[in-house]
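Top line first, the protein sequences correspond to chains A, B, C and D. Sequential numbering of the first sequence, starting at 7, is according to the working numbering. Sequential numbering of the second sequence, starting at 56, is according to the working numbering. Sequential numbering of the third sequence, starting at 501, is according to the working numbering. Sequential numbering of the fourth sequence, starting at 8, is according to the working numbering.
No lab work stands behind these hints, which were simulated from the structure alone. Take the hints with a grain of salt, since some may be wrong.
Just a few of them, taken from the derived set where beta-carbon distance is under 10 Å, the chain B residues facing chain A [what the hints assert, rightly or not]:
hint: 1; residue: PRO81
hint: 2; residue: GLN111
hint: 3; residue: ALA112
hint: 4; residue: GLY273
hint: 5; residue: THR277
hint: 6; residue: GLY279
hint: 7; residue: SER294
hint: 8; residue: GLU308
hint: 9; residue: ASP341
hint: 10; residue: LEU363
hint: 11; residue: GLY463
hint: 12; residue: PRO468
If you want the ones that stay clear, here's a sample from chain B, every Cβ over 12 Å from chain A, calculated [to be verified]:
hint: 13; residue: SER309
hint: 14; residue: VAL311
hint: 15; residue: ASP398
Computed footprint of chain D on chain C, listed as stretches where at least three residues anywhere in the stretch have a Cβ under 8 Å from a Cβ of chain D [claimed, not checked]:
hint: 16; segment: 836-842
hint: 17; segment: 1292-1303
hint: 18; segment: 1417-1428
Beta carbons are placed, not taken as given, at the ideal position from N, Cα and C, and that holds for glycine.
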Amino acid sequence: MIINHPLLGPRDAQEFVYLGDARLIGRPDGMDEGAAQAFHDHVFLRDNPAGEHRELWFHEQGDRSWLVVTRNTVTHEITKVELARDVARALGRSK
Amino acid sequence: MRYSGLRVIREALTGHRGWTPVWRDPAPQASYDYVIVGGGGHGLATAYYLAKEFRQARIAVLEKGYLGGGNVGRNTTIIRSNYLLDGNEPFYEFSMKLWEGMEQDFNYNAMVSQRGIINLFHTDAARDAATRRGNAMILHGADADILDREQVRAMYPFLNFDNARFPIKGALMQRRGGTARHDAVAWGYARGADLRGVDLIQNCEVTGMRIEAGRILGVETTRGFIGAKKVGVAVAGSSSRVMAHAGMRLPIESHVLQAFVSEGLKPLIDGVMTFGAGHFYVSQSDKGGLVFGGDIDGYNSYAQRGNLPVIEDVAEGGMALMPMIGRARLLRTWGGVMDMSMDGSPIIDKTHVEGLYFNGGWCYGGFKATPASGWCFAHLLATDRPHETGTAFRFDRFMRGLAIDEKGQGPTPNLH
Amino acid sequence: MSQSNRIPGGLIDRSGTLSFTFDGRSYQGHPGDTLASGLLANGVRLMGRSFKYHRPRGPISAGSDEPNALVELRTGARQEPNTRATVAELFDGLSAQSQNRWPSLAFDALAINDRLSPFFAAGFYYKTFMWPAAFWEKVYEPIIRRAAGLGSLSRLPDPDVYDKGFLHCDILVIGAGPSGLAAALTAGRSGARVILADEDFRMGGRLTAETQGVGGLSGADWTAQALAELSGLPNVRLMTRTTVVGAFDHGIYGAVERVSDHVPVPAEGKPRQILWRIYARRAILAAGATERMIAFEDNDRPGIMLAGAVRAYANRWGVAAGRRVAVFTNNDDGLRTAADLRAKGLEIAAVIDSRKGEEVTGSAGRLGLRSIKVRDGSGRTRTVECDALAVSGGWNPNLHLTSHHRGRPVWDEAIAAFVPGPGGPAGLLPAGAAAGHLTTHGALKTGAKAAAAALADLGHKAAAFDLPEAEDAPVSITPKWHVPGKGRAWVDPQNDVTVKDVKLAHQEGFRSVEHLKRYTTLGMATDQGKAGNVLGLAVMAEMTGQSIPETGTTIYRPPYTPVAMGALAGRSREKDFKPTRLTPSHKWAAEQGAVFVEVGMWLRAQWFPKPGETHWRQSVDREVLATRASAGICDVTTLGKIDIQGKDAGAFLNRVYANTFATLPVGKVRYGLMLREDGIVMDDGTTARLAEDEWVMTTTTANAVPVFRHLEFCRQCLWPDMDVQLISTTEAWAQFSVAGPNARRLLEKVVDQDISDAAFPYMACANITVCGGLRARLFRISFSGELAYEIAVPTRYGDAMIRALMKAGEEFDAVAYGTEALGVMRVEKGHVAGNELNGQSTALNMGLGKMVSKKKDAIGMVLSQREGMVAKDGLRLVGVKPVDPSQPLTAGSHFIAMGKPATAAHDDGWLTSVVYSPHLGHSIALGYLKDGSARMGERLRTVNLLKKTEVEVEIVSPHFIDPEGERLRA
Amino acid sequence: MPEHSLKPLTPLGHESPETVTLGPVTIAEVVDIALASLAVRAGRGGDVATAARKAGIALPPPGHAAAGDPWSAFWMGPEMWMITAPCSTHEDIVAALKPIFGDAASLTEQTDAWARFRVTGRDLPRLFERLCGADLDRASGGQAIRTTIEHLGAFLLVREDGAIDVLSARSSAASLHHAIIAAAKSVF
């Protein structure tokens, strides 16, 4: 596969390490009420769609960016690639 | 019709006119006591044991494509019970015992062949882990041996002992491990179930579930609504898609695992072998093809096909271990969609919906688990209690901190 | 035997002569021959035996689709089984052997299977060999396995090397026949970066095999002209002997170039083959088409060939497939063979055109065709003497790559064949015969058109391609799949799948295409169904009374043709399987005669044998005792080092470590425990605070990479605005542990600053200088339990540093110690390492539960508190010693309570790490024991059922040495 | 240079750099360049840019390198560059950079983390196409391409004179060197 890196352009997916569902960005707060349930759902449950999937890839043999790749899990077509840091900020994550 | 050598001879002499279809092709009835979703190995085994061992009737198996078209028809045919953890080993050993009597039980030759499996190790730490595992196996009533380097050399002199990046230090062996003819396993269960009145309904895809007041009433299919008292889902690879009909999110990701076969070769490798320092395992089929594989591609996929890097990675492992295969040719690659669970172990459990039961999350373990999976799922469906060897395969183990993590990789499915 | 069947003409070089042997007999051919054309020229038709019935077989094709003529090529370690004689390029000295026969090809004992064929019908083995159960492995299967397979491997390491390579292009053209050449010319002329790859050693495709010309030239001359132009274009790369074997995601194609298969031995340093990974923005599939057989009784005898192949042998290789040739066809293409052969002066025994109601109903000739039986329209049969039969059942487009992404072909009634359907790989455009355009004109036209379309996609302007005139005869075919009859008619020749087998599959309900294939093994042979899949499907369609598309389609998987495993592995094999990482002191250690051990990618010194030491234990014991008695030095560079800077670095560490770090003062080091989010221990190590906002984290050797990845995840995805910067410095610093009572005195000789206990207490760290001014770092930390330091210098000085340390240590009899002694000392001290950090253990298991702070939110804190992970009676790390000190312990042994049977019910845990403690004079161990901390002093059995040994042990504290930690604070 | 008695080794373990010539290409170990990574502190991008400009350090865009005297630099990742300078004058490179960037950037010594091989000669794209996926036919001077060679991560710095500097982890320098030489023997 080829991932079109937002900064570096097309790169062979072999340079990347895959993590999985981009929802993993949304880590709950361990100090909140009901954190146990929230962490269980966050860590262990997945939508696992057959179709469009937003997922995390790490450019380990590259610039060490974490990327959010929007890819179809049936056709493997990639329609969007973003820097995970930008996605995280857009989701309101900060410090 | 009962199969036997005599029968084969009689038919041979009379132009094979007497053979009848291995299973009927029934139209779905309006309702059943049990509907098993998924006509793969696990679904067919479940129906077979429900009918045979638990004396249940009015059973249907719904298959969206053709029987045995899922992972039971696209795996590398290995059977073994060389697991480490308490939650797993009794189950896989139960499965091994079922393999050992299976063919006579369902009167179909699935070529269950216990030619032995060895897991090579290459470091002292790996040897310690193999010792721990081997002892766990024996404690659970399975067989295990530990071989030193020279014993391995005696068995497979052509392995790379003298020029290796990661020298072979020995191997954990299970002599009762081996292979089985994967398609025949599905067909044997299908035939056995059909003979016991189970309706095997092909080209019938489940498109929805009718659930009222927390209870399942049946399934919507491409061949109309089919009512059921109990619905058991065994569709590894598509688990998330099907269970979404019941509003469930699962601790499962779908990943593609590639498998490979070489051109037919005169006998080289008698048993099954796994390389401990790379992603490569291999056996040789009765037709002479080297059947081998490695790691999953590593990204979520429902595509039943993989990519080049994993093919190369597997070949590199093969050439590191046995550089004689350089001149053997890769004949065919294919891909199966795995249910990769959060701890690498399966789930056989009830759901929050009354009457809806789930069987999935088999990762690589699905084929060898087929008999026990069917038996345990049938047990759960028939009695509403888990079978004694499958008590750990629960949904709530993640909530309760009771993961069954053989590889110690944690909730990163592509590492299991 | 002279070249009795060599006829004039062809594209071979008659000025050269090549000698070769087959089954030990010598023959001669010419440059440009294949093994098959060379053997046929010498009148040899029998080249192999079929898989199941061991039927005598000759080639049916002249290309890579050949199912029959498979040989073992070359000898010794280069022996290459199942090689298709039809594509094996002839070279002087080539030696080939037939395979799957005994004792000889002409007389094969297992041909008895053919007589017994009624008993070996499809799937017979599923119905028998079940009794008695034990007999399968003992009796039946060994017989089956012995008969299995075709050719054999030498069992010797492949002596040749293989390369991998990477290519980039705008347009990859797959196949250099008329459509491929037209595409390449169109794309090349327009300036696009083009790769033209063809599996043959001679480009031109069918143009090399046909007599019709192109643009007034012969096919060969037009091809030569086109190639001359293409090779003059700098933006075009021509690759012969290169098969594109797979279409992968996003325009990545796998291709195998056979660099040296046409020479006896590859030149020094040169590869046998290269696996190319081609990154193509667009690709044009111009792979042509494959002719198919018509099934009739005994249609598999040597001499019965595909009509197009007979034509190719005559026109390209100047070889007559026979002296009296008959033709059996259901379409006009077959008639061309008759015409071409007549033109060459060969005798045409008969032309049987099924469209006229005639058909071939059988054949005779044990080891080669002697005659055929023909039935005419009125049902009269006659025998026709002939030594070759050219059969044309129509042509199947080579659409294989279009189905590599599981796209399904569609049926084209006009040519009675499957053509590429939707869902093919994005950017792959079929053209020419591969797209169902079976005329030369259609191939040229669609090739140019596909190129123009691809160029337009890429924003190039297509250069004009003035279409040369070429034959454009309509495909006139009336499908004829098989001739009904009593006998066996072959569908898949290699695997011996006959029409009867297909009928039986239908009769038994294996009617879906997939069931048909799996039950009969149709399409599973080395040609992967090129010969038989469509034919088998058509026969099944007849049985079911459905149309072919209703019955199903057939798709193909990579690779297009089989690929040598060596090519897929490239250089990554044997010693070069993975790179090797060397420590800074490697050169010095090698001089000392150190024994090295693989630790991940690293090679580390395991121990340093001294003269007179004959057993590794002697060396290790000495290293341990000397270190504990005075001083020892060990290279610990392999531990991961991560430089962490930024205003929020402390807060960041608070979140990635379970214990607190923000409060650590500058100049201090702290041990840290890192959890995964699921609460399991991920890694441990020390982290030092060198300045207000500068920290250095150490990880275990094994986890250096995953920990760095995890920290980047936390930094970029979880807390993107934290002021934290990370970079690995593992490689930048050579780090040595100096341990033992004299460690300080030793170091004082090389360190330029005051490192007295007062100035540099336990767990201190600082930037220092050594040997008169070299930048260095010093950490007072201990893995051994002794007074110990870790000193780091820039890596290039690592070699000099260890020499300086050893020199400084001479007066203290300091020793160098390796990983074994390191392991002994850490177990004596009760530190966890790899065997305990197994990814399955919690802080509580390791006796470190108190380190998990619940006052802050750190990775893994929440889930580490789940009931199953805080169970009171859970596993705990314990120390273990044998009751009888003379008894050795074994890692991996399990704990069983005294007097209890060794069963799972009484399994209390296991020994994780075992060492011999020279200090204590007996074997000691760490282990995970159920409720272990409450069982100090208890006696248990440790059993190793693999060796049937057991040792009675006492449970003790894991801190065998200096539990109060006085030594390391000394 | 500091006044100490220790003798350095090259990444290949020799006292002086090794040079090999195979056909038209020469592969030379380069050891006289000091490296330090520069990572921008949160929100200090402007300050870093200004400081760099003042000091005459060009900070190139993604995928590029900028050569200068004494300072050169290549892009490593978002808000991160590798700064290089001659060892002879800047052996303690971080000490030299600190005053320039102050607390606006995190600086880390990297000189010894890397091995550098300078590959010169003709047809270099034919050599490197057997080693990695970098498209050197389309590369031009000043590009810094991150790639993988025989499982090893590497930077290819394409120099204006056409030579290519390969930077990779120091500990596996011998494996990388072996791979380049094997490829050169295979191609030329």
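Here is how each hint holds up against the structure:
1. PRO81: With a minimum Cβ separation of about 29 Å from chain A (threshold 10 Å), the hint on PRO81 of chain B is violated.
2. GLN111: violated, 31 Å
3. ALA112: violated, 34 Å
4. GLY273: violated, 23 Å
5. THR277: Violated. Min distance 17 Å.
6. GLY279: Result: violated, 23 Å to nearest chain A Cβ.
7. SER294: OK, holds: SER294 of chain B within 10 Å of chain A, min 8 Å.
8. GLU308: Result: holds, 5 Å to nearest chain A Cβ.
9. ASP341: violated, 35 Å
10. LEU363: holds, 9 Å
11. GLY463: With Cβ-Cβ at 16 Å, over 10 Å, it is violated.
12. PRO468: Since the shortest Cβ distance to chain A is 7 Å, the answer is holds.
13. SER309: violated, 6 Å
14. VAL311: About 9 Å separates VAL311 of chain B from the closest Cβ of chain A, which leaves it inside 12 Å; violated.
15. ASP398: Label violated. Min Cβ-Cβ 9 Å, cutoff 12 Å.
16. 836-842: That given contact is violated, which follows from only 0 residues of the segment 836-842 of chain C lying within Cβ reach (below 8 Å) of chain D.
17. 1292-1303: Coverage by chain D holds here, the residue count being 9 at a Cβ distance below 8 Å.
18. 1417-1428: Not satisfied, violated; 0 residues make the cut.
Going down the numbered hints, you'll see the structure goes against 1, 2, 3, 4, 5, 6, 9, 11, 13, 14, 15, 16, 18, while the others check out.
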